[in-house]
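Novice: Here is what each chain is made of, one letter per residue.
2 protein chains.
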Amino acid sequence: MRAYLAGPEVFLPNAREILDRKIALARSFGFTPVSPGDLVVPETETKRERGLAISAINESLMLGSDLIIANLTPFRGVAADIGTAFELGFMCARGCPAFAFSNSTKSHFERVSRFYGDSIHLGDDGRYRGTDGMSLENFDMADNLMLDGGIDSRGGTIITREVEPDRLFLDLTAFEECLKVAAERLLRRAVSAG
Amino acid sequence: MRAYLAGPEVFLPNAREILDRKIALARSFGFTPVSPGDLVVPETETKRERGLAISAINESLMLGSDLIIANLTPFRGVAADIGTAFELGFMCARGCPAFAFSNSTKSHFERVSRFYGDSIHLGDDGRYRGTDGMSLENFDMADNLMLDGGIDSRGGTIITREVEPDRLFLDLTAFEECLKVAAERLLRRAVSAG
Numbered sequence: 003m004r005a006y007l008a009g010p011e012v013f014l015p016n017a018r019e020i021l022d023r024k025i026a027l028a029r030s031f032g033f034t035p036v037s038p039g040d041l042v043v044p045e046t047e048t049k050r051e052r053g054l055a056i057s058a059i060n061e062s063l064m065l066g067s068d069l070i071i072a073n074l075t076p077f078r079g080v081a082a083d084i085g086t087a088f089e090l091g092f093m094c095a096r097g098c099p100a101f102a103f104s105n106s107t108k109s110h111f112e113r114v115s116r117f118y119g120d121s122i123h124l125g126d127d128g129r130y131r132g133t134d135g136m137s138l139e140n141f142d143m144a145d146n147l148m149l150d151g152g153i154d155s156r157g158g159t160i161i162t163r164e165v166e167p168d169r170l171f172l173d174l175t176a177f178e179e180c181l182k183v184a185a186e187r188l189l190r191r192a193v194s195a196g
Numbered sequence: 003m004r005a006y007l008a009g010p011e012v013f014l015p016n017a018r019e020i021l022d023r024k025i026a027l028a029r030s031f032g033f034t035p036v037s038p039g040d041l042v043v044p045e046t047e048t049k050r051e052r053g054l055a056i057s058a059i060n061e062s063l064m065l066g067s068d069l070i071i072a073n074l075t076p077f078r079g080v081a082a083d084i085g086t087a088f089e090l091g092f093m094c095a096r097g098c099p100a101f102a103f104s105n106s107t108k109s110h111f112e113r114v115s116r117f118y119g120d121s122i123h124l125g126d127d128g129r130y131r132g133t134d135g136m137s138l139e140n141f142d143m144a145d146n147l148m149l150d151g152g153i154d155s156r157g158g159t160i161i162t163r164e165v166e167p168d169r170l171f172l173d174l175t176a177f178e179e180c181l182k183v184a185a186e187r188l189l190r191r192a193v194s195a196g
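In order, the protein sequence lines correspond to chains A and B. Just so you know, we're using this note's numbering here: the first sequence kicks off at 3 and counts up by one. Just so you know, we're using this note's numbering here: the second sequence kicks off at 3 and counts up by one.
None of these hints come from the bench; they were simulated from the model. Honestly, I wouldn't trust all of these hints.
The list cannot tell twin chains apart, which means a pair is met if one copy fits it or any two copies do.
[To be verified] Computed list of lysine-lysine pairs in DSSO-like fashion (alpha-carbon distance at most 30 Å, straight line):
id: 1; residue 1: Lys49; residue 2: Lys108
id: 2; residue 1: Lys108; residue 2: Lys182
id: 3; residue 1: Lys49; residue 2: Lys182
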C-alpha cells in the first residue's frame with residue numbers, strides 16, 4: 003500500500019534528512035512511502051506558477067496513494083499545518099484510510115484556550131467563547147472536528163506524544179507508533195485476505 | 003448548483019444571523035446554498051461523539067454539494083480556519099469547482115513573516131526562513147500553496163479585500179463578489195449549455 007506522508011517537515015532546514023528518515027521508517031513497516039517533494043518541480047516563470055506546479059505534483063502524488071499518514075503537530079499557532087489539513091481532507095474524500103500523529107498531547111480546546119490567554123468564558127448558549135466572542139470546539143479532540151472526524155470515520159487514529167520543544171518536528175517516535183498501528187490494521191488485513 | 007459555504011462563521015456569537023445572510027446572498031446569485039449546521043445533530047453520550055456526529059453531517063452535506071465557496075480569512079493566527087482547509091481539500095478531491103474569499107489582502111508570505119516579528123532571513127538554499135529555521139512559502143499566494151493551487155486548478159479564484167478589524171468575519175462584500183464571479187463562470191455556462 004502506498005502511504006502519502008503529509009506534514010510540515012518540508013519546511014525544516016534539514017527537510018531532506020527527516021523526509022528520508024520517514025520514508026525509511028514507512029518502508030520498514032511494509033508501506034510504499036510517497037512523500038511531498040518526491041518529484042522534480044519544472045522550471046516556471048513566476049513564483050506563483052512554481053507554487054501551482056508544486057500543488058499539482060502533490061495532488062498527483064496523493065491520487066497515486068492508498069492512505070495518508072498526516073503530521074498534525076501544531077505548526078505556527080494553535081492548529082496543524084494548513085496544507086496538511088487540505089491534504090487530509092483530500093484523501094478522506096477519496097475514501098482512503100487516514101492516520102495521524104502529533105507531538106503534542108494537548109487537546110484542541112486546551113490550545114485555543116491558551117491562545118486566548120486562558121480568558122475564555124461560558125456563554126449563555128453553553129459554549130465556551132474567547133475574548134473575541136468566537137466559540138471554542140470542546141469535543142475532546144486533538145484538532146478541529148473535521149480532522150479528527152475524518153480520521154476516525156475512515157478507521158484511523160491519532161497517536162499523540164509529548165516531546166522536547168526543540169524536537170517538535172524532529173522526533174519520529176509518534177510517527178513510528180502510528181505506522182505500527184496502520185500496518186496492523188491495514189497490512190495484516192491485506193495478508194489475511196490474500 | 004448546490005454551493006457548500008465553508009468558513010469559521012460557525013464560531014461567531016451571531017453565527018445563525020451571518021450564516022442566514024450568506025445563505026440569502028448565495029440564493030440571490032442563483033446557487034442553492036448548503037451550510038454547515040443546516041442539519042440537526044443527534045443526541046450523543048460524549049462530547050467526542052458529538053464532534054464526530056457534526057463531522058459526519060458536514061461530510062454528507064459536502065457530498066451533496068456541487069461546488070465550495072470557502073472563507074479563507076485568517077483565523078486565530080497566520081492561516082485560514084483549519085476545518086475550512088480540510089473541507090476545501092475534500093471538495094477539490096471530488097473535482098468540484100472551488101472558490102474562496104478572504105477579508106485580508108496580505109499574502110501568506112507577509113503574514114508568516116509578521117508571525118516571526120519580521121525577523122526572517124534568506125538561507126543558503128535561497129529560501130526565506132523564520133527564527134526557528136522553518137522556511138516560508140514565497141509564491142505570491144493568499145495561503146498555503148495547496149489551498150491556492152487547489153482553487154486555481156479547478157477554475158476558481160480567491161477574492162481578497164481589506165475590512166475594518168472588527169468586521170473581519172462579518173463583512174460579506176468579498177463573499178458577494180466571489181459569488182458573482184462563481185455565478186458568471188458556472189451558471190452562465192450552465193445556461194448557455196441548456
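Novice: Given identical chains, is Lys108 near Lys182, meaning Cα to Cα at most 30 Å, within a copy, between copies, both, or neither?
Specialist: Within one copy only: 22 Å inside a chain, 42 Å across chains, cut-off 30 Å.
Novice: Could you place Lys49 and Lys182 in one of the four classes (within, between, both, neither) given a Cα distance threshold of 30 Å?
Specialist: between (39 Å within a copy, 28 Å between copies)
Novice: Tell me, please, which holds for Lys49 and Lys108 at an alpha-carbon limit of 30 Å: within, between, both or neither?
Specialist: Classified as between; 16 Å across copies, 36 Å inside a copy.
This entry satisfies every hint, going by the numbered hints stated previously.
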